[in-house]
Structure formats: C-alpha cells, structure tokens
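Undergrad: Sequence:
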Amino acid sequence: MKIFNSLTMTKQEFVPIEPGKVRMYVCGPTVYNLIHIGNARPMIVFDTVRRYLEHRGYEVNYVSNFTDVDDKIIKAAVEEGVTAEEIAERYIAECKKDMEAMNVRPATTHPLATKEIPGMIEMIGKLIEKGHAYEKNGTVYFSTRSCRNYGELSHKNLDDLRSGFRSLKVSGEDEKEDPLDFVLWKPKKEGEPFWTSPWSDGRPGWHIECSVMAKRYLGDSIDIHAGGEDLVFPHHENEIAQSTCANGVPFANYWMHNAFLNIDNKKMSKSLGNFFTVRDISQKYDLQVLRIFMLSAHYRSPLNFSAELMDSAASSLDRIRRAASRLKDLASAGDGAALTEAEEKVLAEAREFVGKFDEKMDDDANTADALSVIFDLVRFANTNVPDGAPAILAEGVLGVLTELSDVLGIIPLVDEGSIDAEIEELIAKRQAARKERNFALADQIRSDLLARGIELMDTREGVKWKRI
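The opening position of the sequence shown corresponds to residue 5 in the numbering used here, with each subsequent residue numbered one higher.
Hints listed in this document are in silico derivations from the structure and should not be mistaken for laboratory results.
Worth double-checking, as some hints may not be accurate.
What the hints assert, rightly or not - List time: in silico EDC-like cross-link candidates among lysine to aspartate or glutamate, alpha-carbon distance up to 16 angstroms: (1) K192 to D74; (2) K140 to E196; (3) K332 to E407.
Said to hold, decoys possible - Label pairs and their in silico Cβ distance ranges: (4) V467 to R323: 45 to 53 angstroms; (5) E133 to V358: 24 to 32 angstroms; (6) M13 to N37: 33 to 41 angstroms; (7) L276 to R60: 19 to 27 angstroms; (8) L276 to E104: 44 to 52 angstroms; (9) E84 to A372: 40 to 48 angstroms; (10) R464 to K79: 53 to 61 angstroms; (11) G24 to R323: 20 to 28 angstroms; (12) T344 to T12: 31 to 39 angstroms; (13) E194 to F264: 31 to 39 angstroms; (14) G85 to Q435: 19 to 27 angstroms; (15) N153 to N37: 34 to 42 angstroms; (16) E353 to K101: 39 to 47 angstroms.
Where a beta carbon is used, it is the ideal one built from N, C-alpha and C, also for glycine.
Using the sequences and the hints given, assemble the complete structure.
TA: This is the structure:
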C-alpha cells in the first residue's frame, strides 16, 4: 500500500513501525456545537483508511480525540449560563450520534483533553528542562528557534514565516522571544475552567493536547497522523515540534491530509448562509448518501457539495442496495444445487473484484476508483446471476459485494421495515405541512422522496407510495 506523505510530498510504500500493527492518530472536533459536514469529511475518509488497513490484515490502534476545553466552548457556556463541561459533554454525545449515523466506527480510544492535563504539564516541564520552552508571567511558550526542523511539514522557510508573523498583533506577543513561538500553557481568565500547574492556574494550549494524547495512547512514535489540510500549519507543525523535542524521536512517519469541502463552489460560511451540520443533511438524506458522496472523490482533491451531487450519490447507494437486495432474495429462494462449471466460473470472476478493489485502495486510498469497482461488481451481478440462480452462487456474490462495501463503510443491506417507517413519517410531515398551508415544505418533502426513488400518489383513500 502506498500513502501520499505530506511530510515528503511523495507517495511512499507503507511500512509500519511494528509488523502487522498500525498506530494511527486523527485530530477530532472541538465540541461546542453540532458537527458540520466539513468535520464529517476527515471522519469518513480516515475511518475508511482504518477499515482498509484492517481489511488487509493489520491490527489498528485508532485514536481520535475530542477537544473539550477551548475558547469556543467557554463562549458557548457563558451564553447559555452553564459550565464548559456541560457544553462539551452534550456535544460529544451528539457527535457520537452523528458518527454512528454515518457508520463511522468508534475509535479504539476517544481521549478527552481535560482528562490528560497531568500528561500535558509533564511534557511542558520536560520541554522547559530541555531548553525548548520558557515561562513569562505564568504563560509558557514553545521556542520555535530551538527546533531544528521547524517548518518541515508545511514546507515553509522559517525566516519567511517569522517575517510574516511580525505584522501580527496578538495578546502577549511582546513577551515572546520570537513571533512564531506559541503557547503551551496560559493563565486562567475570570470565570474560565482552570488547572493548577507550576507556572499558573490555567489551561493548556491547543497544540500540546494532541501531542500528549498521541504519546499516551500510541507511543512516542506513531505510524500515521491524519486530519484536514487546514491543520497542517500551525497545528500539526507545532505537534511535530513539541513531540520530537520532548521525546527525542520522530513523531509520525506518515502524514495524511484531506482537502477542503466547498458548498456550491464557495467556502462554507454561516455569513454566506451555506453552513450545514450533519444533522441538517440527515433531515433530507440517509447519511449513507453523505458517506458515498464523501468517498466519490479522492481525499486529497477538493470536494464540492451540491444538491445535484448528493442526489447522484443517493442514486449510487440505491443501485448498490437494489443489487444486494436482489442477491439476498435469490439466496433465500434458491435451491441447494451444486454449481455448474459455468456458475463456478461466475463465482470465481466475482471474487476477482476483491483484487481489483485492493489495487485501487493500495494507491493512496483511492476511494473514488474503489467505488467504481463496486459498481462494476453490481453490473456483473445483475448480468451474471440470473433469476433462479442456485443459492450458493447468489450468497457468494453477495458476500463479495458486502465485503467491499463494508471496507468503505457502506451498508448494502438494510431493514426494509425501518425504511418504510421513515417514509411514512415523512408522509405524515407532508400532510401536516399541507394542513398548515406550508405548500413549499410539502413540495420539498415530495421532491426529496422522489430523489430517493419514492413516488407519492394522492388518492381518495389517502397518500400512497411506491418505489420507482
């Protein structure tokens, strides 16, 4: 398997530190509100990378944190008149609901920053002791000039970085020895949560949190560190600096970064009115549709979110599920007859799709091409597994389709009863909207169902529906 390593800007053969095992860290969300679809892209992408590594036989220790102490969390707590802890706990629970709905598997460990403060204080102390950090009036700064390779991940010249930062006016900058020095520990402000440290009552800086959590749960050196490309600088750059200087060994061997998600070719922004949470999307689409949409482009390519592309993803999901449902029905109805020579050949050809799929995923987790292999398998199944096929043939082809879909986190077989119940619920909402003369909403529900292959018919006996 080859991975495009952001550190070297080349595709490299993946060789784990420990044979057969992978240590992987993915930066998680700051939990002050519902997660948005920009948060969803790295969650889905790197969950898929993890699934593929496991498919290839690796034992993966997958760590993804929740940042549960942050200025935004504190601001939300003040606005609601509750504690920061209450805000964090609420939105961690909501985030986990959305992750489950997207079929993102729980990490091996989901550490919380607030539970790792002692480790952060210890690492900061070690950095001060080694001459890589210094304290000024209760604030501890990391000294970037002390880190020989600072800028290696972002591929930025250190002198150019310093020149660019000189014009910035930030709190406490006059205390810094260098404009690029960043905060490891900061004193509390009135009403903020705090912890006692040798330097002041306060809280850690953002960057030190991930360094410490990766160290505790994965070790001083890890195989893969991943996240959105917006984290390359300064967050991931600063993680490398802290970790290598404190631990004395390379931090991560492979760095993977997903590209940005735009909305109708514009950056997602609340001010532009194009800001969508995952929960918003779930009101219109099965979140398996969002998952297919996210995987329909290579993770390093910018992805444009639009209703047209989501409708296309919905159609793609429907194709997979129709094929899987048909194979399941054939397997249930088929007899136990032995396969003919021709049927044996069909089953063998179906199994060859696993190798084709692996070839695409081995090339830097190319999910777009891997999806194409699944659609080729769907066409193959529809053409070569006829009505009345032996159960063993239908089961075998369905097994391949299920195996490959599962690697991408796609659920090909669903409980039809639960889908029917969801449709009935939407029909009831449409009827209520019509009674309230909210015809725009009623029409929108009809259109949304039609996009999912459900046609509504208003009759004297009430609303009836059918799959088309």
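Undergrad: Now, for every hint given, state plainly whether the structure supports it.
TA: So, going through the hints one by one against the coordinates:
1. K192 to D74: Holds, at about 12 angstroms.
2. K140 to E196: violated, 20 angstroms
3. K332 to E407: Between K332 and E407 the Cα gap is close to 14 angstroms, so the pair holds against 16 angstroms.
4. V467 to R323: 45 to 53 angstroms: violated, 27 angstroms
5. E133 to V358: 24 to 32 angstroms: violated, 52 angstroms
6. M13 to N37: 33 to 41 angstroms: holds, 34 angstroms
7. L276 to R60: 19 to 27 angstroms: At roughly 41 angstroms between Cβ atoms, R60 and L276 fall outside 19 to 27 angstroms, so the hint is violated.
8. L276 to E104: 44 to 52 angstroms: Since L276 and E104 have Cβ atoms about 30 angstroms apart, the given range 44 to 52 angstroms is violated.
9. E84 to A372: 40 to 48 angstroms: For A372 against E84, whose Cβ atoms are near 41 angstroms apart, the range 40 to 48 angstroms holds.
10. R464 to K79: 53 to 61 angstroms: Once the Cβ atoms are compared, 55 angstroms apart, the range 53 to 61 angstroms for K79 and R464 holds.
11. G24 to R323: 20 to 28 angstroms: violated, 36 angstroms
12. T344 to T12: 31 to 39 angstroms: violated, 52 angstroms
13. E194 to F264: 31 to 39 angstroms: holds, 37 angstroms
14. G85 to Q435: 19 to 27 angstroms: Since G85 and Q435 have Cβ atoms about 39 angstroms apart, the given range 19 to 27 angstroms is violated.
15. N153 to N37: 34 to 42 angstroms: 36 angstroms Cβ-Cβ, so the 34 to 42 angstroms window holds.
16. E353 to K101: 39 to 47 angstroms: holds, 41 angstroms
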